[in-house]
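Student: These protein sequence lines are chains A and B, in that order. The numbering used here puts the first residue of the first sequence at 1, with every later residue one more than the last. The numbering used here puts the first residue of the second sequence at 286, with every later residue one more than the last.
Keep in mind the hints are simulated off the structure, nothing from the lab. None of these values were measured; they are calculated from a predicted model. We put the beta carbon where it would ideally sit given N, CA and C, even for glycine. Misleading hints may appear alongside valid ones.
According to the in silico footprint, chain B covers these stretches of chain A (three or more CB under 8 Å from chain B) [unchecked claim]:
| hint | region |
| --- | --- |
| 1 | 109-120 |
| 2 | 265-274 |
Using C-beta positions, here's what the derived DEER-type ranges look like [what the hints assert, rightly or not]:
| hint | chain 1 | residue 1 | chain 2 | residue 2 | range |
| --- | --- | --- | --- | --- | --- |
| 3 | B | N567 | A | T146 | 23 to 33 Å |
| 4 | B | F597 | A | I183 | 45 to 55 Å |
| 5 | B | G360 | A | N145 | 34 to 44 Å |
| 6 | B | F368 | A | G48 | 44 to 54 Å |
| 7 | A | Q179 | B | G360 | 55 to 65 Å |
| 8 | B | P390 | A | G48 | 32 to 42 Å |
Facing chain B, from chain A, some residues (calculated, C-beta under 8 Å) [as the list claims (entries may be wrong)]:
| hint | residue |
| --- | --- |
| 9 | P32 |
| 10 | W35 |
| 11 | L37 |
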Amino acid sequence: MSVAIRRTARYEMRRFLAYLGVGGLAFVMLYPLLWMLSASLTPGGLIGSAGLVPPRGVTLENYQEGWQGIGGVGFGRFFVNSLIVSGAAVVGNIVSCSLAAYAFARIDFKWRRLWFALALGSILLPAQVLIIPQYILFRSFGWINTYFPLIVPKFLAHDAFFVFLMVQFIRGIPRELDQAARIDGCGHFGIYARIILPLTMPALATTAAFTFITTWNDFFGPLIYLTRPTLFTVPIALRGFIDATTASSLGPLFAMSVLSLLPVLGFFLAFQRLLTQGIVSTGFR
Amino acid sequence: MVDLPASVARRDQRFGSRLIGLSRLSAGQQENFYGYLFLLPWFVGMVAITIGPILASLALAFTDYSIMAAPRWVGLANFVTMFTGDARYFSAVRTTLAYVGMSVPLVLIWGLALALLLNQGLKFLPVFRAIFYIPSLLGSSVAVAILWFYMFGKDGLINLALRPLGIQGPSYIGNPSYALYTLIVLNLWAFGSGMIIFLAGLRQIPTELYEAAQLDGAGAWAKFWRVTLPLLTPVLFFNAVLGLVGGLQAFTSAYVVSNGTGGPADATLLYQVYLYQRGFVNLNMGYACAMAWVLLTVVAVCTGFLFWSARFWVFYGEDR
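Produce the complete structure using the sequences and hints provided.
Tutor: Structural data, given as structure tokens:
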């Protein structure tokens, strides 16, 4: 009897320590973000301490000032630019990757295994090898200072891990459904559009969320392809903002940084379950 | 030739494929036609923006090319310079090796530890999981690089927190001995996606194995080393490959905290940052391509080694 009680007490103690550890770590992980949020609400943007409470009250001045942007271009413009690029990237990836995935998962064509192996291999290919020739190619098309270099690759299923994700998903859909549709007179396009796409929604949503987040955060692409401030996406604009920032004007920089993270957080909250499942199946980060 | 069933012929009519004479093709030929039709965008991409650029990059690696004038063949000169006459190249290699060598194992250990901690049937698991995962979505953003710059500056969050203890720390980001560690800490902060993969791996381990181990008198430690870890090796392997490939390509945080220089004293000059400088700032595009090919070779050798070594330490089930 007393042994049992001692054991539960020990168990409770361990439990408590686990919660304390996990909770403490969660707090430490979030602290920098909270500190930045709090600084963005402080007049001048410097709290001057490691605390989270703005010492001189809360203000939205930093947000108003930061929204003015850089070089006469407002931050609203940068957000619209980022939305255009990210939105087009999402559409491109969903259409092109689902078409390729349908072919790999459901059509029995010659050399399918070879091409699928090639697609898988391209996932591990370091992007550096492609950057310079792609730049030369897109430059020869006159695509510098346009969004084409950022968007067109998405319409060509360049992000092969989404193809892989969808192939895995489509393989789980019973083939009987295809056959039933075939008997009802559907061809491959009919089966793709009426059977496979609707049933692949979770994989499509995962693709959409990851594509949006990575495109929204992308820095390298806009850095080499966009030089005109009116075309800047949010990350490039933030980078330009640093140059215009002095110690006394940190507030607007922090404010715009916080704003730039909100769409990513929004997508995370909306697609949380799918995202966590998605990285399990693709290892995507 | 196989006779097509009426339904298939009807389908062809519906999609107008009669116009291109599809209904005269055999079923196998039709599968080929549709297979390549669906793959068309991927094929165009594969040829135009993957395989083409790889080959072009290989050719350019043997040239002097500034994009303003036509490439000039220089043979192995780029590689010779890289390995014998470019001190900054060596800085970049050293920095990148230190970065990858420290952050990949640390992120693996840290992610596994947190996954084990979370896997004890805690309440609010989804909440904790979300909090630990969020940083990995934000880690590559410019905003977080800016945050890091001000966290590890002279009057940043870290030093402000140490001040009440009577410690005045230096500017970590401005100090060549510490700057790279701030990037490693950033990578550790963004460990969440690896943790989620570990968590999913832990769920797949059958509980019977733990019960059997318990009957054999195994304690918590023995259970971890003899059941959990062997069964997690495929996940560990997967995370190691991803960490390696991702680490070698890190760019944004190093670029932003060093204002594009890779400084102080090349302490944050990651391979990708130097490649950007040579290719897009100095317009030594041939040299940058040569750098990219050396990296590609290293990545191929490293992942090849990991895959080869997998047979010795990755456990894929009883039948092996």
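Student: All hints, please: hold or fail.
Tutor: Tested hints:
| no. | hint | verdict |
| --- | --- | --- |
| 1 | 109-120 | holds (count 6) |
| 2 | 265-274 | holds (count 3) |
| 3 | B:N567 <-> A:T146: 23 to 33 Å | 25 Å, holds |
| 4 | B:F597 <-> A:I183: 45 to 55 Å | 51 Å, holds |
| 5 | B:G360 <-> A:N145: 34 to 44 Å | 35 Å, holds |
| 6 | B:F368 <-> A:G48: 44 to 54 Å | 49 Å, holds |
| 7 | A:Q179 <-> B:G360: 55 to 65 Å | 60 Å, holds |
| 8 | B:P390 <-> A:G48: 32 to 42 Å | 37 Å, holds |
| 9 | P32 | 6 Å, holds |
| 10 | W35 | 5 Å, holds |
| 11 | L37 | 10 Å, violated |
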